[in-house]
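K.L.:
What follows is each chain in one-letter form.
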Amino acid sequence: MPDTFVLIAGRTSRQGTSLNESKFGAEYLEETQTLWMNSADLTALGLKPGERVRVRSAWGSAEVTVQADKRGELPPGVVFLAYGDVSSRLMGGDTHGTGMPDSKGIDVTIERLVPA
Amino acid sequence: MSATQTDLRIVENATCTFCGCVCDDMVLKVQGERIIEAKNACVLGKAWFLNHHAEDRPVALVEGKPASLDEAVERAAQILVTAKYPVVYGLSDTTCEAQRIAVAIADWIGGCVDTTTSVCHGPSGMAFQGVGEVTCSLGEVKNRADLVVFWGCNPAESHPRHMTRYSTMPRGLFVPKGRKDRTVVLVDVRRTKTAPAADVFLQIKPRKDFEALWALRALVKGMPVSPQIEQETGIPLAQLQELAERMKNCKFGVLFFGMGLSMTRGKHLNVEAALALARDLNQYTKFYIKPMRGHGNVTGADNVVSWQTGYPFGVNLARGFPRFNPGEYTTADLLARGEADAALIVASDPLANFPQPAREHLRRIPYVALDPKETPTTRHATVAFTTAVYGINVTGTVYRMDDVPIRLRPALPSRYPSDEEVLRRIERRIRQLLAIGVCPEKDGSGNHGRGN
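Residue numbers (our numbering), protein chains in the order written: chain A, 1 to 116; chain B, 117 to 568.
Careful: at least some of the hints might be erroneous.
[Stated by the list, open to error] Footprint (simulated), chain B over chain A, 3 or more residues, beta carbon under 8 Å: (1) 73-85; (2) 95-101.
[Stated by the list, open to error] Calculated cross-link-like contacts (lysine-lysine; reagent style PhoX-like; alpha-carbon spacing at most 25 Å): (3) B:K296 to B:K321; (4) A:K70 to B:K321; (5) A:K48 to A:K70; (6) A:K48 to B:K293.
[What the hints assert, rightly or not] Listing some non-contacts, in silico: residues in chain A with all C-beta distances to chain B over 10 Å: (7) T12; (8) E21; (9) A40; (10) P49; (11) E51; (12) G60; (13) S88; (14) K104; (15) G105; (16) L113.
Worth flagging that the hints you see were computed from the coordinates, not collected in a lab. For glycine and all other residues, C-beta sits at the position ideal for the given N, C-alpha and C.
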């Protein structure tokens, strides 16, 4: 199992519908602060669905809730996050001369947050 | 209960402006100030229409305090006129009529004008300039396409009616059996909700689109490709060969690509490879390629900015003539490098989706924001205008993702001004402050030159 995961940020139906209600609402915040990963990766990290983890990229870090991908959507080593505040925290400012920050395919590490 | 609240109206052929599909066959049931039913809308469209309600916010806030429209316009104009390197950004969720005034403002104040395209399909715009786009309308796809390839996009969640209205399910003139007459291929890193709708799903490794597309180009031309391509891309050579043959042998093929290409490492080079593949295929058959555009009128923003400046996004007007340079004049860069000293943000929310260094700088500078709803960007704005919603409250022109312009049929009036009206007032005040003649009949005509 890789130490580093590849983060894909993207749209989801729930993110799209909940932003119409409010970007400060509970549903939008939950959707954009949930990290989805392959269930085998989750097990290998000793994590359970619903646990809090810290995701760290070369540019920033954020706390999220981790969930197992139930539909087999994600291959091992790939994690997914809906666009929002957290995905922005993990993106760097360099656009490599394109105007477009690296928003998909970001290398990240994941560590369990010790409950306070 | 008042008569207004009980009055039930039906608005036919209304347009949903949530995503780039811009579906114009909505049937809205309106009661009082609410839309209570949105027939034909997808899950995103229903959320767009049914969550619309009369806002209870001031028409403007200056430094967080309620202000009159006149006070807010004055402060906004002062911020933009006194800035040394302002940027006008956003524009994808408003009408073309508002967009053209925003470009005019950037022109008057000698700033940059950039749209959400730069953090969406901006790299695709660069690739179009390098390779060209073999293009068609969604109507042609509906009536002719017998092979539809989705690459790095997830229409089931991002554009829910794309497949049912245009690309996969509908019966067309030359595909009378609809879905049965089409082959649908999905290429993606994730087995998304679009995968069950595809006949063939090719799961590609992250950041390997460029390699797979170039392998396909070689296979289409009959050149040898090493079986090691599977190790590189995750897709077996036999599956790539099969896809190449499908593409060469279809009657009318189309490749729809998403931000899986434009947001991943390689960016415009990934898109150039896809565009070149589509171009190559026209030696064998009819083959087209289209980007899956996101926001309701982001395609209109490309069109308007191109029409006004000659370039689609990332345009600098400081010298009195337009200069285009993604990476230099694009907003994420202007902010992340700490260069912009003021901003006009129209109908977009960079504080919710820009990289952290850009967000931090935006919070440090004075900026003006226009948005119908409260967002992270409006909360931090020096001047925030609450505006009417395009398509629901306001008429105007929007462009569908295939560059087809559509006129909006609003369902409800609003007590808030439109983006166009607010921008027009700001533009007029800017011209007064710059001592440029104000001609009320010709506001917002664009491409003026600074005149000072």
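K.L.:
So, for every hint listed, does it hold in this structure?
P.N.:
Evaluated hints:
no. : hint             : in the structure
1   : 73-85            : holds (count 8)
2   : 95-101           : holds (count 7)
3   : B:K296 to B:K321 : violated, 30 Å
4   : A:K70 to B:K321  : holds, 20 Å
5   : A:K48 to A:K70   : holds, 13 Å
6   : A:K48 to B:K293  : violated, 47 Å
7   : T12              : violated, 6 Å
8   : E21              : violated, 5 Å
9   : A40              : holds, 14 Å
10  : P49              : holds, 18 Å
11  : E51              : holds, 22 Å
12  : G60              : violated, 5 Å
13  : S88              : violated, 6 Å
14  : K104             : violated, 4 Å
15  : G105             : violated, 5 Å
16  : L113             : holds, 20 Å
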